[in-house]
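Enquirer: Given next are the chains, with one letter for each unit.
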Amino acid sequence: MRALVTGANGFLGRHVVGALLARGIEVRALVRPAACLEGLGWPSSVEVFRADLRTSRQLPHAFEGVNVLLHLAAVVTGGEDAQFAGTVVGTERLLDAMASSTCRRLVLCSSFSVYNYSSVLRTLDEDSPLHQTPDLYTRDGYTIAKWWQERVTRRFAEQHGWDLTVLRPGFIWGRNHGYLAALGQQFGRHHLVIGPLTRIPMTHVENCADVFALAAVNERARGQTLNVVDGPGERIWPYLSDYMHGSGQWGWRLPVPYWLASMMVRLAFATVFRTATKVPGILIPRRFESRLKPLRFENRKLRETLGWTPPLDYRRCLVRTYGLATSTGAAER
Amino acid sequence: MKAALIGAGQIARQHLACLKTLPGVDLAAICDLSPATGEAAAERYGIRDWFTDHRAMLERVRPDVVHVTTPPTSHFGLALDAIGAGAHVIVEKPATQTYEELDTLVGRAQGAGCHLIEDYNYLFNQAPQEILRRIESGEFGAVTHVEVLICLDILGPGGFADPNSPHPALALAGGAIADFLPHLASLAYLFVGPYRTAQTVWTKRKPSLLPFDEFRAVVDAERGTAALGFSSSSQPDAFWLRVYGERMQATANLFETRLTFDGPRNAPKPLRSFFNGLEEGKTIRRAAVATLLRKFKGPGAYEGLWELLARTYRALADRSAPPVTASDVLEVNRMVEALKPREQR
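Chains D and E, in that order, give the protein sequences. Heads up: the first sequence is residues 93 to 425, going by the numbering used here. Heads up: the second sequence is residues 5 to 349, going by the numbering used here.
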């Protein structure tokens, strides 16, 4: 079995490549033409295919002999248009190429950002409502691009009769990616912790990669949409402690109850920013909610469908991320 | 007035945001090679229809005005088709890759009774318009010289110098800097008129995909001289406009709202610079606040584009001359052609 992995040298992609290899799956890694692959430690069996999804005319060749596509590529930096072009237009071109191949199996890396947090009351799961247009366009560029990427992929899959699995990871964390947007607002080394006891929908990058590799081979994943979190999630305050301890970036932490911060944001929006068109995301109530709203998260459907349990528990994830003892875990190297 | 756009990328967003605010404008259709990009723009801006084939759009929608907001290398063919369909064309700069193409477009537009308007948005920012007002009132005196210098870091990996996907502007003579020549030339043309001769220096200071990253020119024009420049290395980003008149001098940063004047004052000559300095400090502080506030709302540095579009649609509705005429477009592009690197013209 051969898998084509887009975004293969990205934070998640490099771990997915490793997880696929561990399951004995051949990997063709699609990376950008100028991508630096040093330090990834890929064995020579990994076939590297260099192409830019936005412009390459060689994409049909990437699918030669491929049984399953794991589409992880997305642009997460730059302006809204750059993210849309890189993520959505790139997906259109990639799937156009797939349509001319014999590959019929596809695993898409979507995101929790497609959910409309404002409409969720207690527990966010796969049945929770998604954003609707045109309200979607009041959200940030990343959310718009990921929502559209999923929409485009579902349309292609339906049109061509492909077996699609949509995986929606929460916050993916790991080495050099310990700081999460859910932690609140950072001011230099100091943190405004909004809702310190809120749980974070998080998945360690190695656990998340394991789900992708499993979904690529597991028949029961076909046609499914699954949220990917390791469990109910750590609470913000202790996780931030672990982050500060692990990264050595000490600073003050000021806790603010979620309800108070939410009220202040709503008040500021209603009185000052309502007619403004360019406001920092955290000051827009709906974007504020999608980062910080206290909800329950679970991976019941993932566990029941694929029989998956996270290979690494939280303590081991901390060790893999920071390589040292934490406030909540025992010393380990 | 039925409006349609070809190209739904970054600059199209500014056109659409403005058109939504203009009375009597019906956003009829948008076209983009990417179905998702076209559909998303249609949803966001309430555009009735979207297409991936511009000819199908022109035939089915029959727009009165077509905005060409695609990468510059595709402008000529698209604008030609739009004029062929009987539409006025508002085309992003640079309108074409060569002067010959531009000449053809203008000729076709005139033959079809249509207007061809190239987007010289910075001419319509408040600062150049205020300078122009003072010139026309006689307060400024005759303009003798204008300096325009754009300092903009275009060497970052996400834009013109993207190592993964060559930017379309790199196909222009002069590379990415050529994308800015119409801004420089249109401002020079506004203040000192059609060009007579030009001397240019094109250089490359830093390693990158760009053929050039620095540009300077001295232009002799009918009513004065101009010094034009583009710097990829000088920071911070700024768009300096300095106009020298016989009685006053004006300085503006077109990326911000700063505009200061230095001129005669009812004070003893030794105190003139003192009072002018105080006045200038006050103006700069006020502009700093205005620049900060406009970050929250409105078109920001694209204020000129909104003004240009508003004036254009008013003129089209009144059947009067548009704010950018065919003669303006030809003269600006004659200067642009002279500014291009000699070996790539």
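Bear in mind the hints are in silico, worked out from the structure with no lab data behind them. Warning: the hint list may mix true and false statements.
In silico SDA-like cross-links for lysine to any residue, where the CA-CA straight-line distance does not exceed 25 Å [to be verified]:
id: 1; chain 1: D; residue 1: Lys370; chain 2: D; residue 2: Asp405
id: 2; chain 1: E; residue 1: Lys24; chain 2: D; residue 2: Lys385
id: 3; chain 1: E; residue 1: Lys299; chain 2: D; residue 2: Leu222
id: 4; chain 1: E; residue 1: Lys301; chain 2: D; residue 2: Thr230
id: 5; chain 1: D; residue 1: Lys370; chain 2: E; residue 2: Asp85
id: 6; chain 1: D; residue 1: Lys370; chain 2: E; residue 2: Phe259
id: 7; chain 1: E; residue 1: Lys210; chain 2: D; residue 2: Thr230
id: 8; chain 1: E; residue 1: Lys301; chain 2: D; residue 2: Arg142
id: 9; chain 1: D; residue 1: Lys370; chain 2: E; residue 2: Thr295
id: 10; chain 1: E; residue 1: Lys299; chain 2: D; residue 2: Gly171
id: 11; chain 1: D; residue 1: Lys370; chain 2: E; residue 2: Gly233
Selected chain E positions facing chain D (Cβ under 7 Å, derived; list incomplete) [as the list claims (entries may be wrong)]:
id: 12; residue: Gln14
id: 13; residue: Pro167
id: 14; residue: His171
id: 15; residue: Pro172
id: 16; residue: Ala175
id: 17; residue: Lys299
id: 18; residue: Lys301
All C-beta atoms in this analysis are idealised placements derived from N, C-alpha and C, irrespective of residue type, glycine included.
Enquirer: Work down the list of hints and note, for each, if the structure agrees.
Expert: Hint check results:
Under the criterion of a C-alpha separation no larger than 25 Å, the hint pairing Lys370 of chain D with Asp405 of chain D is inconsistent with the structure, at around 41 Å. For a cut-off of 25 Å, the pair hint linking Lys24 of chain E to Lys385 of chain D is broken: about 33 Å separates their Cα positions. Between the alpha carbons of Lys299 of chain E and Leu222 of chain D the distance comes to roughly 30 Å, so the proposed pair goes past 25 Å and is violated. Taking the CA atoms of Lys301 of chain E and Thr230 of chain D, the gap is near 14 Å; set against the 25 Å cutoff, the hint holds.
Pair hint Lys370 of chain D plus Asp85 of chain E does not hold up; C-alpha atoms about 36 Å apart against a cutoff of 25 Å. A threshold of 25 Å between alpha carbons decides the hint, and for Lys370 of chain D with Phe259 of chain E the separation of about 16 Å falls inside it, so the pair holds. Our distance criterion of 25 Å between C-alpha atoms is broken by Lys210 of chain E and Thr230 of chain D, whose separation comes to about 39 Å. Taking the CA atoms of Lys301 of chain E and Arg142 of chain D, the gap is near 41 Å; set against the 25 Å cutoff, the hint is violated.
With a C-alpha separation of about 13 Å, the suggested pairing of Lys370 of chain D with Thr295 of chain E holds against the 25 Å cut-off. The hinted pair formed by Lys299 of chain E and Gly171 of chain D meets the criterion: a straight-line CA distance of about 15 Å does not exceed 25 Å. The suggested pairing of Lys370 of chain D with Gly233 of chain E is violated, with an alpha-carbon distance near 31 Å, which exceeds 25 Å. A hinted interface residue such as Gln14 of chain E counts as satisfied when its beta carbon comes closer than 7 Å to some beta carbon of chain D; here the least separation is about 4 Å, so the hint holds.
The restraint placing Pro167 of chain E at the interface with chain D holds, with a minimum CB-CB distance near 4 Å, inside the 7 Å limit. For His171 of chain E, the interface hint is violated, since its Cβ never comes within 7 Å of a Cβ in chain D; the closest pair sits about 10 Å apart. Annotation: Pro172 of chain E was flagged as interfacial toward chain D, and the flag is violated, the nearest CB pair being 10 Å apart, outside 7 Å. At a threshold of 7 Å, the smallest CB-CB gap from Ala175 of chain E to chain D is about 13 Å, leaving the interface hint violated.
For the restraint placing Lys299 of chain E at the interface with chain D, the shortest Cβ-Cβ distance is roughly 6 Å, inside the 7 Å limit, so the hint holds. The closest approach between the C-beta of Lys301 of chain E and any C-beta of chain D is roughly 5 Å, which is under the 7 Å cut-off, so the hint is satisfied.
Of the hints listed earlier, those the structure fails to meet are numbers 1, 2, 3, 5, 7, 8, 11, 14, 15 and 16, in rising order.
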